[in-house]
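Heads up: the sequence lines are chains A and B, in that order.
My numbering applies: residue 2 is where the first sequence begins, and numbers increase by one.
My numbering applies: residue 56 is where the second sequence begins, and numbers increase by one.
Treat the hints with care, since some could be wrong.
Stated by the list, open to error - Negatives, chain A to chain B, calculated, CB over 10 Å:
id, residue
1, Gly3
2, Leu72
3, Ser149
4, Tyr152
5, Arg160
6, Phe168
To be verified - Only part of the chain A face toward chain B is listed, based on derived beta-carbon distances under 8 Å:
id, residue
7, Gly109
8, Phe124
9, Leu200
10, Phe211
11, Ser215
12, Met235
13, Leu239
In case anyone wonders, no lab produced these hints; they're calculated from the structure.
Glycine included, each C-beta is placed from N, C-alpha and C at the ideal position.
Each chain, letter by letter, is given below.
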Amino acid sequence: MGFIMTFIRTFFIQALWNYDKMMNSGFFFALKPRLEKFAGIQREREVRRFNTYFNTHPFMASFIIGAVMRLEEEYYETGNEELATEIENIKLKLMGPLAALGDSLFWGGLKPFFILCSVFFLFFAPSLSWALTGLFLYWSGYNTIHLSFRYRGLTVGYRYGRSLIVFLKKLEIQKKVDFLRRTAIILLGVFWGLGITWLFSEGLEYGWPFLLSSLFIILLVRRMPNILIVGLTMIILLLGGRLC
Amino acid sequence: MTLYLLSTLLASILILDVTYVGQFMLSEPIFMLPLLGLISGQPREGILAGMNLEFVFLGRLAVGASIPPSAGFAAAVFWGAVLLNRGGAEWYLPALFFPSLLAGYWGREIDHLFRKAHNGLSESAFRSFSRSGRYSRFSRFGAVSLLLFVLANWASILLLSWGIHKGTLLLSSFWGDSFHGGYVAMIWKGLPVMGVLFLLDRFHDKKNNGYLLGGMAGGLLLGGVLWALL
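Isolated chain B (complex conformation):
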């Protein structure tokens, strides 16, 4: 339980990287989940989950005032649920994938709420500076907002990961019948192979189609040669 609480808290802090501090890619699932996996002693699961979640969200851009679903939040919820089910059935990881993606939409709502609250905070900081010449309100309001943002994310991650964990266990026979034996391992490793195609959302330029087809053909050819040789 301590690991669950601390890992989700760390994930909530890493989510700050999206807008509040830096943008060092620490909130991207592909970096966040291997990190959390290392801490929790499950680096392999962290890497595989990070790759899969990354592709679905990477296609979405935050342009201007638009906020895409939060990849970091979805990854944190996913990891929370993984920690709640340590040592559980093998179908559990792929079964968590879709509900965790949906959780990313709640992460976006939290971001939206804070940005709305910032309208007033920003005006108030400017008014205070205008009156007294003190800049302190900018850093103070920023720090308070940052702290509340971490707490709101943490509480939501705890609640959602627990809910998703319980919901997934309720449907255990359904998941167990669909994801069984060697197929589970294949699914989890195979998801990035098709997930990578979500990146096409980024490269929406028809003039790049030739490069894509060329790359695919090259990959198939290379894969075929390797298959024949090995």
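With the rest of the complex left out, here is chain A:
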């Protein structure tokens, strides 16, 4: 029961996200069902231990929570003070690499990949119902992976405890991320190519503002804030409308 409650509470890990210690409250809140044994002076000491800086990717936090759960149980069973330091070290050691891994896997890989797949469906779908079905399929696909990471993160973290980092290395997640990114960028190129041909097929006057804007975006993206590039492309589109 405590395990399921912890899983549910991981969805709120960023609810009290703050600039001082970031996810400290969320992390402590998620661990609560497993930390019912606190009492008296011991409790004050535990608060000092958990009211510390903690920040990582929200989906990957489950791995750390699972590992800490395991070590906390060992700590209460043995009373070994060294374990308290080890728990803090594990949190510090894992949160940076897992944040980088999560950002690159979810925000930089899976999310753009699934959104690009959805866009293919939305743009080229023969009817509205196809478009909405495609959208739902990709939304559920992304969330299946998301939820499995949240849940498996807890179980894997709990099983491997301090040797979690060795286990994560074996998964070679970065290779999978590179593959996803390459696939997404090819999809992006194919979508653009198909789209721009379609625009030209509707009439030259419709195609050129988009071709010109595309060139601007390719040249300026990462060099200027997106909002300014959007402003520039809007000017091109307005000019296109006046000249058509």
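Please arrange chain B on chain A, whose structure you already have, making use of the hints.
Using the frame of chain A, we list chain B on its own:
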């Protein structure tokens, strides 16, 4: 008006998905706007607007303490203005695009304010636990903050969407002269074609340039073949 109020309220609740609850992608314009569109009986507009807004914001990552402009907030403001102008002129949708993007920056400020307020709330919850052993303050403070966040977003969405709606109508002759006839439909469907390139912001790796060019060439070739055949 009821639809406008309820849709914007639903959008404010969906924005919670960004940080407060879950991160199920429900706050992404590409999923939020088709959903709102279905509810409002304008699914086609919801889908097209969702695609266009998604690309501009997708390039931005929330790394560490940084907060990117809120895509969900911009989408909600956009939809609010669409509902205020039901049955209006055809140039209205593309004209809303840019001001709604700017509204995303106000959404970020709301997020920033709440995160600052959480500094004190979090400390207070820990102090309370330390004194009495009760965890309830964590959930209570979380719930209060969540509720206030929804209300702050809702009020801002109502105000901004109304302001943008009125502002856009004031410039109606300008928009009408620029976005007219078949060009409007083309713009609205064509925006994602160039908008997709904003994703390059994500793939800032030079070693991927070959894949991008290969994909573009493949798409152009495939498009050309289809054009010739169809």
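Status of each hint after checking the structure:
1. No beta-carbon of chain B comes within 10 Å of the beta-carbon of glycine 3/A; the shortest separation is about 13 Å.
2. Once the 10 Å rule is applied to beta carbons, leucine 72/A is consistent with being away from chain B; the minimum gap is 21 Å.
3. The beta carbon of serine 149/A sits about 13 Å from the closest Cβ of chain B, which is more than 10 Å, so the claim that it is off the interface holds.
4. Look at tyrosine 152/A: its CB is around 13 Å from the nearest CB on chain B, clear of 10 Å, so calling it non-interface holds up.
5. The claim that arginine 160/A is not at the interface with chain B holds, since no C-beta of that chain comes within 10 Å of its own (minimum 25 Å).
6. For phenylalanine 168/A, the requirement that its beta carbon stay farther than 10 Å from each beta carbon of chain B is met, with the minimum near 24 Å.
7. For glycine 109/A, the shortest C-beta to C-beta distance to chain B is roughly 6 Å, which falls under 8 Å, so the interface hint holds.
8. Hint status for phenylalanine 124/A: holds, given a least beta-carbon distance of 6 Å to chain B, under 8 Å.
9. Given hint, leucine 200/A at the interface with chain B, holds; its Cβ is 5 Å from that chain's nearest Cβ, closer than 8 Å.
10. Residue-level restraint check for phenylalanine 211/A holds (minimum Cβ-Cβ distance to chain B is 5 Å; threshold 8 Å).
11. Evaluation of the serine 215/A hint against chain B yields a held restraint, the C-beta minimum of about 5 Å falling below 8 Å.
12. For the restraint placing methionine 235/A at the interface with chain B, the shortest Cβ-Cβ distance is roughly 5 Å, inside the 8 Å limit, so the hint holds.
13. The interface hint given for leucine 239/A holds, since its Cβ lies 4 Å from the closest Cβ of chain B, which is under the 8 Å cut-off.
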